[in-house]
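Asks: Each chain, written out:
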Amino acid sequence: MTELFAAALFVFVLVTALATAALRDVLGVVVVFAAYSLGTALFYAFLLAPDVAMTEAAIGAGVTTLLLLLTLAKTVRPTPDQRLERPNLPALAVFGALFVVLVATVVEFPAVGEPGVMWDNPGVTQYYIENAYEDTGVENAVTAVLAGYRGFDTFGEAVVVFSAGIASLIVLRQVVFTRE
Amino acid sequence: MSNNSSDSDSSPGDWTTDSPMVSNPAESTYVESQVIMTTVRAVTPFSLTYGLFLMFHGADSPGGSFQGGAIIAATVLMIAFAFGVAPTREWLRNRTVVALAAGGTAAFALVGLVPMAFGDSFLAHPLFEEEFGINTKWGLEAIEVGGVAPIVAGVLVGLFFVLAAGMFRDGDATEPRTDGGAANHNRATRSRTGEEGSPTPSTGTEARTDDAGMPAEDTTTGTGGDR
Amino acid sequence: MLETLANRYTYVLFALLVVVGLYMVVASSNLVKKVIGLNIFQTGLFLFFVTTAFVDGGSSPVIPKEADAGAAFASPLPQVLVLTAIVVGVALTAVALALVIRIYDAYGTLDEKTLREVRTDE
Numbered sequence: 001m002t003e004l005f006a007a008a009l010f011v012f013v014l015v016t017a018l019a020t021a022a023l024r025d026v027l028g029v030v031v032v033f034a035a036y037s038l039g040t041a042l043f044y045a046f047l048l049a050p051d052v053a054m055t056e057a058a059i060g061a062g063v064t065t066l067l068l069l070l071t072l073a074k075t076v077r078p079t080p081d082q083r084l085e086r087p088n089l090p091a092l093a094v095f096g097a098l099f100v101v102l103v104a105t106v107v108e109f110p111a112v113g114e115p116g117v118m119w120d121n122p123g124v125t126q127y128y129i130e131n132a133y134e135d136t137g138v139e140n141a142v143t144a145v146l147a148g149y150r151g152f153d154t155f156g157e158a159v160v161v162f163s164a165g166i167a168s169l170i171v172l173r174q175v176v177f178t179r180e
Numbered sequence: 001m002s003n004n005s006s007d008s009d010s011s012p013g014d015w016t017t018d019s020p021m022v023s024n025p026a027e028s029t030y031v032e033s034q035v036i037m038t039t040v041r042a043v044t045p046f047s048l049t050y051g052l053f054l055m056f057h058g059a060d061s062p063g064g065s066f067q068g069g070a071i072i073a074a075t076v077l078m079i080a081f082a083f084g085v086a087p088t089r090e091w092l093r094n095r096t097v098v099a100l101a102a103g104g105t106a107a108f109a110l111v112g113l114v115p116m117a118f119g120d121s122f123l124a125h126p127l128f129e130e131e132f133g134i135n136t137k138w139g140l141e142a143i144e145v146g147g148v149a150p151i152v153a154g155v156l157v158g159l160f161f162v163l164a165a166g167m168f169r170d171g172d173a174t175e176p177r178t179d180g181g182a183a184n185h186n187r188a189t190r191s192r193t194g195e196e197g198s199p200t201p202s203t204g205t206e207a208r209t210d211d212a213g214m215p216a217e218d219t220t221t222g223t224g225g226d227r
Numbered sequence: 001m002l003e004t005l006a007n008r009y010t011y012v013l014f015a016l017l018v019v020v021g022l023y024m025v026v027a028s029s030n031l032v033k034k035v036i037g038l039n040i041f042q043t044g045l046f047l048f049f050v051t052t053a054f055v056d057g058g059s060s061p062v063i064p065k066e067a068d069a070g071a072a073f074a075s076p077l078p079q080v081l082v083l084t085a086i087v088v089g090v091a092l093t094a095v096a097l098a099l100v101i102r103i104y105d106a107y108g109t110l111d112e113k114t115l116r117e118v119r120t121d122e
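Protein chains in written order, with my numbering: chain Y, 1 to 180; chain F, 1 to 227; chain S, 1 to 122.
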């Protein structure tokens with residue numbers, strides 16, 4: 001049953017990603033991108049990553065789509081003259097070759113979900129899994145690593161988000177976030 | 001919906017200054033969808049509660065500050081899309097957004113610096129257990145609930161409002177820029193083709209969410225049409 | 001050959017998403033579509049990281065207090081990386097969209113070819 005669900009999700013993500021590249025109308029592309037984000041979020045949940053799935057759903061299907069719609073409203077939505085994009089053949093050839101090269105590399109990878117693979121770092125991962133509750137007192141290992149063991153990286157990321165807010169103010173030459 | 005007439009302040013039903021809940025909705029040019037407004041009014045309390053729930057329960061179940069902050073920001077954005085950016089802007093004034101964003105960063109840094117005052121290294125949470133006798137968990141909770149979640153929520157909402165306000169133009173309420181001439185000079189060449197046919201009313205309303213009282217972009221249709 | 005690819009289905013999806021995202025960045029003429037292509041590229045990479053954390057038959061990395069020693073859990077480390085990367089990605093997208101709004105304000109078009117002509121005339 002779960003295999004059927006995984007296969008359906010896989011096909012959904014594939015189709016929406018290709019539709020995002022193929023559609024001509026920008027508003028249609030934004031809407032299909034929101035559906036693609038939802039499919040990806042479900043796929044992450046299926047891959048045993050609920051924190052990542054919730055973040056992707058809230059940010060990808062929520063905030064990014066709304067910001068894109070807002071940009072379209074502030075600029076222009078060009079009238080679509082045809083349904084599908086005209087394919088750019090040189091780019092298609094180059095990226096088709098890139099895809100073949102990547103798939104040839106992928107064949108060398110270990111199978112999905114196999115334990116004890118080449119990038120599994122058993123020392124570090126097992127230490128975090130075993131000692132997360134004793135060291136930090138939280139049960140969610142992702143939160144323990146995020147705010148406890150790697151708290152400094154989270155601090156850097158919070159400052160990056162803050163400076164992105166400042167950067168957008170500078171780009172649009174505003175002084176305040178919202179005029180009162 | 002996409003009547004390109006420049007709305008000045010004196011036209012009836014100019015919704016950039018009025019709240020869209022005007023007494024006579026037939027007069028306003030702002031096309032609202034009753035479905036969107038009712039749905040958002042029903043869903044918002046639950047969505048906000050769920051965001052706060054995820055934020056506070058990040059320690060013992062899947063969740064955490066990023067998810068909670070993003071859901072709270074998405075709820076505010078949903079409200080802004082349903083009821084208009086100008087009323088949401090008046091509800092959440094600038095100081096709320098700045099307080100959330102800057103306060104979150106400051107709180108994170110301060111909680112991290114407290115162990116340094118006692119001789120330990122930056123963000124060393126076990127120090128709270130040794131010195132104050134409280135569980136190590138509260139150090140993590142402090143930086144999650146007090147630090148990261150306000151930053152994420154505040155900055156995402158602030159980015160939305162900044163993008164909605166658009167480029168700074170001369171004659172705005174804040175102090176004028178000396179080199180705002182570039183924006184003015186190029187305004188005449190800007191074309192406004194292509195606005196017809198946008199399906200949702202809310203995107204059309206955002207096109208006029210300019211600075212308070214300013215007329216929308218002028219209707220000079222340039223020659224360089226967009227693709 | 002098909003069997004091995006079916007065992008590595010997420011990696012094949014990752015390759016496809018990366019290629020689709022890069023193609024949109026290079027070949028679309030609308031600036032907003034380039035930003036969307038960048039987002040698709042990013043999600044492809046996130047899929048790769050999350051797959052390296054996946055353990056078949058395990059459970060998500062919420063470890064109860066009285067967990068038995070042999071239970072398999074998904075690795076929390078790549079998920080932390082992806083969590084941070086998603087939030088930084090949305091900040092990046094917002095600044096890119098602010099730049100797009102500014103470009104539109106200065107030139108009046110979002111089409112790459114028209115912009116290139118206008119800028120070579122200046």
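Honestly, the hints are just simulated from the structure, not real lab data.
What you are looking at is a predicted structure, and each value in this text was computed from that prediction instead of being measured.
Idealized CB from N, CA, C, for every residue including glycine.
Each hint should be verified, as a subset may be incorrect.
What the hints assert, rightly or not - For the chain Y half of the interface with chain S, some residues (derived, Cβ under 8 Å), not all of them:
#	residue
1	9
2	11
3	13
4	18
5	40
6	68
7	71
8	83
9	98
10	129
11	139
12	142
13	153
Said to hold, decoys possible - Below 16 Å or equal to it, Euclidean Cα-Cα: the simulated EDC-like pairs (lysine to aspartate or glutamate) are:
#	chain 1	residue 1	chain 2	residue 2
14	S	34	Y	25
15	S	34	Y	85
16	S	65	F	131
17	S	65	Y	25
18	S	34	S	111
19	S	65	Y	85
Asks: Quick check: which numbered hints come out false for this structure?
Replies: 1, 2, 8, 16, 17 and 19
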